[in-house]
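Colleague: Residue numbers (our numbering), protein chains in the order written: chain A, 1 to 225; chain B, 226 to 349; chain C, 350 to 648.
FYI, nobody ran anything at the bench for these hints, they're computed from the structure. The C-beta atom is built at its ideal place from N, Cα and C for all residues, glycine as well. There could be a bad hint or two in this list.
[To be verified] One-sided excerpt, in silico: chain C residues whose CB lies under 10 angstroms from chain B:
1. Leu376
2. Lys380
3. Leu519
4. Phe547
5. Arg561
6. Asp565
7. Glu566
8. Arg568
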Amino acid sequence: MTRWPILRYLLSSHTVFLLLVLIPIYLFVGVVVGAVSIYVDIRLSGVDVVGQVLPWAALGYGASTSNLLPTMLVHGRTRREFLTQHPIFQVITTGLVAALITGCYAIETAAYRALDWEQKVQQQRIYAADEYGTIFTAYWSMLLIWLMVGVFVGVAFYRWEAGGGLALIPAAVLVVLSGGVNGFFSLPFARTDLPLLPVTVVAVAIAYGLLWLSGRDVSLRAKVA
Amino acid sequence: MFDDHSPIYRQIAEQIKADVLRGVLNAEEQVMSTNQYAAHYRINPATAAKAFQHLVDEGVIYKRRGVGMFVSADAQGRLRDQRRERFFADVLEPMVAEAQALGIPAAEIQTRIQQLFDQGGNGR
Amino acid sequence: MTLSIRTDGLRVCYGDTEALGDLTLDLPGGKIYGLLGRNGAGKSTLLATLAGFRKPTAGTVRIGGEPIFENLPVTSRTCLIRDDSGVGDTGDNLRDILDMAKHLRPDWDDKYAGELMDRFTLPRKKTVGQLSRGQRSAFGVVVGLASRAPLTMFDEAHLGMDAPTRQLFLDELLRDYLARPRTFVISTHLIEEQSPIFEEVLIIDRGRLLVREELDELRTRGVSVTGPAELVEEFVTGLTVLSRQRLGPTVQAMVYGLLDEEHRRRARAKGLELGPVGVQDLFIHLTDNGRTEAEGAIR
């Protein structure tokens, strides 16, 4: 048997699947922008618009992936393995996705410059459309936080059923506090002046701690849906 | 295949004995292994093994190391002797008791028995 | 390789409800055990706890001498397939689930899994959600057998299977058991159909172990005594009577336990009729008796 079996399984199936879903989405964005440009002048980054839905997609995917925990147990693995290997999968996968998206910004920049279009980003973003380092970090921060929070919420609902609703409170606090810093979920009162990396690390660590508490000795439900 | 009321191992042993008695299994013929028996009849191999041990203890079959189980040379004769001994107690006495309860006279039974013997020749 | 099972004072509660109470078991490895009990008796809870799916409220579970809960060397060699199996997401196709199991199970036999898929005629490209109830059960059986886990348990794995598929399940299980001994625990309600493959039978009732007996012994444990009421009552005094049925002046009493020669002689002398009791009837009356006793105690 191989080492890190859960991680290997996730990288070989889930990561590949997620990348294969994202690439056509961004290709489609290119097509839509092209079509719209026939009628109006393009003044917005299409790639950046997709960034509006990504946090929710990460949250939803994270919550759904919590079903994997009982499945792993059925196949003889432990909660501890899942709770160490799944987060590593999250870090690697969100990094790869962030890199892919950063590449999309770069391609878009080149295309827009050639066509002399304006590549404006959403108002709350902490980067301009050609600041690739910051784009990468901001996306990675956002995806990782929302994904970790999503897995935590999913496992909490699995464990406590309706009582898992309480998990939504710390989850909301985490995404609101970090949203101002990475520029994806910014409310008027959010602090935007804090440093991105330390805030990300702290938010991920708290989400992970909550996930650990919810999952470390969770019982499998009597009936698996 | 097996009824739900008596130990399976005893039912297996009785079947094999019946096969030996009727000459379906002959002397020095190999019998199925416990595993074959278990798989064929969908029973636990330990149960089959118990039946075979029972038959070994009674001298009906014997083990040849590394080869398998075989019917003993004198198995048929031995079983026949056993059955003969039990015939009167197991078959005849209950029959007479039943006949008495029904009021069937001994002479009528004797005549009928003679008829059956004549029809069937030398028995089965 | 096989694994033994040992529990000491095992207790499992769901909130205020006690599902298992003070259960002590010592089951040597390498046998096929049948786990019987009425609905809600605690069978599934026991199996889930033995597999490490659930942490006991009190007491210990040891598999192969080692604690099971969160102990990878043991959990990876233990496999429990439940009636809803849960071997994969409803949206996953069967081929992907088998591939996942290959990653996760140290003793997984991929070739054997493929053979079983063919024998149960399961479609590899369909998802779990597209399967019929019986196919889903059959797929659980494939995953359980191909796991080659030294301790493999099936919790009503036959649900929804038609009769030929259930036979195939027993055949495949026996075949693999004969070729590579391991410990099997099988919970079932199909007593007459499945009990012949058990070596030992465990009956649990209301969270407690009622009977643990070799199957063949259990088949001799029940005796029905029929005759005139007075004589029957006199005869059964001091014996464990599971049930009584009255038909006019005649009573049929079901007695649990071995009758010695002396008892049998007395029965014959009194003209009482002795008859065997099948495992299924015995089970029904053993567990029913517990229930009436309990009701009596509550009142």
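Colleague: Should the interface hint for Lys380/C be scored as holding, given a Cβ-Cβ cut-off of 10 angstroms against chain B?
Modeller: holds, 7 angstroms
Colleague: Taking 10 angstroms as the limit, does the beta-carbon of Arg561/C come near enough to a beta-carbon in chain B?
Modeller: violated, 15 angstroms
Colleague: Given Glu566/C as an interface hint, is its Cβ closer than 10 angstroms to any Cβ of chain B?
Modeller: holds, 8 angstroms
Colleague: Take the shortest C-beta to C-beta distance between Phe547/C and chain B; is it under 10 angstroms?
Modeller: holds, 6 angstroms
Colleague: Return the status of the interface hint for Asp565/C: holds when the least beta-carbon distance to chain B is below 10 angstroms, violated otherwise.
Modeller: Given a least distance of 4 angstroms, the restraint on Asp565/C holds.
Colleague: Under 10 angstroms is the threshold here; is the Cβ of Leu519/C close enough to any Cβ of chain B for the hint to stand?
Modeller: holds, 5 angstroms
Colleague: Given Leu376/C as an interface hint, is the shortest Cβ-Cβ distance to chain B below 10 angstroms?
Modeller: Since chain B brings no Cβ nearer than about 14 angstroms to Leu376/C, farther than 10 angstroms, the hint is violated.
Colleague: Given Arg568/C as an interface hint, is its Cβ closer than 10 angstroms to any Cβ of chain B?
Modeller: holds, 5 angstroms
Consistency note: the structure conflicts with the earlier hints numbered 1 and 5.
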